[in-house]
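Protein chains: 2
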Amino acid sequence: MKLAIYGYGNLGKGVECAVTQNPDVELIAVFTRRDPSTVKTLTGIPVYIADDILSFQDKIDVLIICGGSATDLPEMTPYLAQYFNVVDSFDTHANIPVHFDRVNAAAAANGHTALISAGWDPGMFSIARIYGASILPDGQDYTFWGRGVSQGHSDAIRRIEGVVDARQYTVPVPAAVDAVRSGKNPQLTTREKHTRECYVVAAENADKARIEAEIKSMPNYFADYDTTVTFISMDEMKAKHSALPHGGSVIRTGRTGLNKECGHVIEYSLKLDSNPQFTSSALVAFARAINKMHARGMNGCFTVFDIAPADLSPLSAEELRAHLL
Amino acid sequence: MKLAIYGYGNLGKGVECAVTQNPDVELIAVFTRRDPSTVKTLTGIPVYIADDILSFQDKIDVLIICGGSATDLPEMTPYLAQYFNVVDSFDTHANIPVHFDRVNAAAAANGHTALISAGWDPGMFSIARIYGASILPDGQDYTFWGRGVSQGHSDAIRRIEGVVDARQYTVPVPAAVDAVRSGKNPQLTTREKHTRECYVVAAENADKARIEAEIKSMPNYFADYDTTVTFISMDEMKAKHSALPHGGSVIRTGRTGLNKECGHVIEYSLKLDSNPQFTSSALVAFARAINKMHARGMNGCFTVFDIAPADLSPLSAEELRAHLL
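Sequence order for the protein chains is A and B.
Each residue of the first sequence is one higher than the one before, starting from 1 at the first, in this note's numbering.
Each residue of the second sequence is one higher than the one before, starting from 1 at the first, in this note's numbering.
In case anyone wonders, no lab produced these hints; they're calculated from the structure.
Treat the hints with care, as some may be off.
Covered stretches of chain A (chain B as the covering partner; in silico rule of three or more C-beta atoms under 8 Å from a C-beta of chain B) [as the list claims (entries may be wrong)]:
#1 9-19
#2 117-124
#3 207-214
#4 264-270
#5 273-279
#6 299-312
Yeah, the Cβ is synthetic: ideal placement off N, Cα and C, and Gly gets one too.
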């Protein structure tokens, strides 16, 4: 399978690394909107300017689009799905139906196969939710995120006046996780599920009390949470907060039996040293599936719900049945 | 969807209970090899003698076959797949390839759709293994079972002279689970992964020392494990060991990055009050998928690897994208 990467940030670099672990996958090119002469890939893969991509139509089986969900992917994925089989990690949950329709129209009209919203949430966590809900319909699911870095929340802090750098960790409340795991089916408010830890480098002479107050009162991002703000030096930021760990759990609890006499707990959890590395490893596996589905004539847009697990694997059906079933 | 149950033990009763939680599913009939007049269903579903089943060919969308893997399913599933869409929970891992080929031949030749080896292992644990291996190819997976009742091991103890009743619990070794979760990638022997706890009711005047020695030295079942044997009264057996809890974890650890600098842990775990109740809840969801796949003209035999998660759900693709993705 011949892959290409469109967008070369943390996620694109992660795809490049993941390809080295998948012998059936060849990385053809990286496309960037920057000046290609300023971009050097980790493994020497050639870099082209984004506008050149249409000349690669017969050289690429699947294009992995590594852009941001706010402004990049809503434009890029529908456009590129006209010309390529594509995979993206669009993660603005509320806008998925609109994004799906636009990508589906472009892919279906041009005989291409597209997958949106692959990764871990949306992605593997969505898969955990659908399996859990389908097997235990009389139940409830809970998603906890963290402990891990939320890049969106970190960015929100950085926009406050007097902030030089910031890192925000989302942390599940242990008592809430324990209550869910026990099968108690608790009703949990936003505040009861997660806390937010902020590490902030302030400018010299900045008013730290004001910065802290602005963070804690920021609507949507922090106001509904118990938030702690810790001011640190730039040296400490670089030494202790350079990584992008993340993870979390999807827990489905439910009851079965004529009188609901049996309780069951299904838990899917991730502990990731690097959020973009794991996401990009998932993207490569899902790109394999999209390539197989395209070969079977399945055109249009799909989500992770539409992909049979066997299509993610390089192994044959016989090998899978003999060794993994 | 119209379902029927073939075989009415713990698993068949579990399917009957699960149907009550799935409004899109109707249970038509239970078939038994016993005298139907001696079998009373939990919800009043009519019971027929197994031999009558061929007269139900146009009344049943999917038949769930609830037999044992040792002798029932290897005969029943290929036979019934000639006449019905079928689902079974065949769990003798080593014989899956042969069972698959026989069921596939019968189903494909007659335009039916079959699923073998659904449940949780094989089943949901297999799905956890394939997702984990596909996303983290540079890694290793570990499956731990328990704490839970192994019916095969309990039966093996019951066959020993002087044993009136027995219950065997498979228990993961906590230190082994912790070492795996830490990402240390340990090499673990059979003995290091699980212990076996046996609760035995002995006949009056039976030689308990001999029974204990026979259990602990039984090849395949106990000889490779640290096994404890506790003799209890029949009253205690009934009071404390009547349930069939089970569960366990599939853990995939792997590393990514050009220099393998990032470690990741994926864990899928189950904590089940009743093994047959959970298995049968899974069977009903997978039967829904087989019904959908049959409607799309997908004939032959499949495994859980071939089933897209969306097919397990009663929700539409639009609902799934809007609410579960």
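task = Count the residues of the segment 117-124 of chain A whose CB lies closer than 8 Å to any CB of chain B, then report whether that count reaches three.
result = holds (count 3)
task = Tell me if chain B covers the segment 273-279 of chain A under the three-residue, 8 Å CB rule, please?
result = holds (count 4)
Outcome, coverage of the segment 207-214 of chain A by chain B - at least 3 residues whose beta-carbon is closer than 8 Å to one in that chain = Violated, because only 0 residues of the segment 207-214 of chain A bring their Cβ atoms closer than 8 Å to Cβ atoms of chain B.
request  = Test coverage of the segment 9-19 of chain A by chain B using CB-CB distances below 8 Å; three residues minimum.
outcome  = Per the Cβ count (3), the hint holds.
inquiry  = Closer than 8 Å Cβ to Cβ for three or more residues is the test here. Does the segment 264-270 of chain A pass it with chain B?
reply    = holds (count 7)
request  = Check whether three or more residues of the segment 299-312 of chain A sit with their beta carbon closer than 8 Å to a beta carbon of chain B.
outcome  = Holds: 9 residues of the segment 299-312 of chain A have a Cβ under 8 Å from chain B.
Checked against the numbered hints listed earlier, the structure breaks hint 3 alone; every other hint is satisfied.
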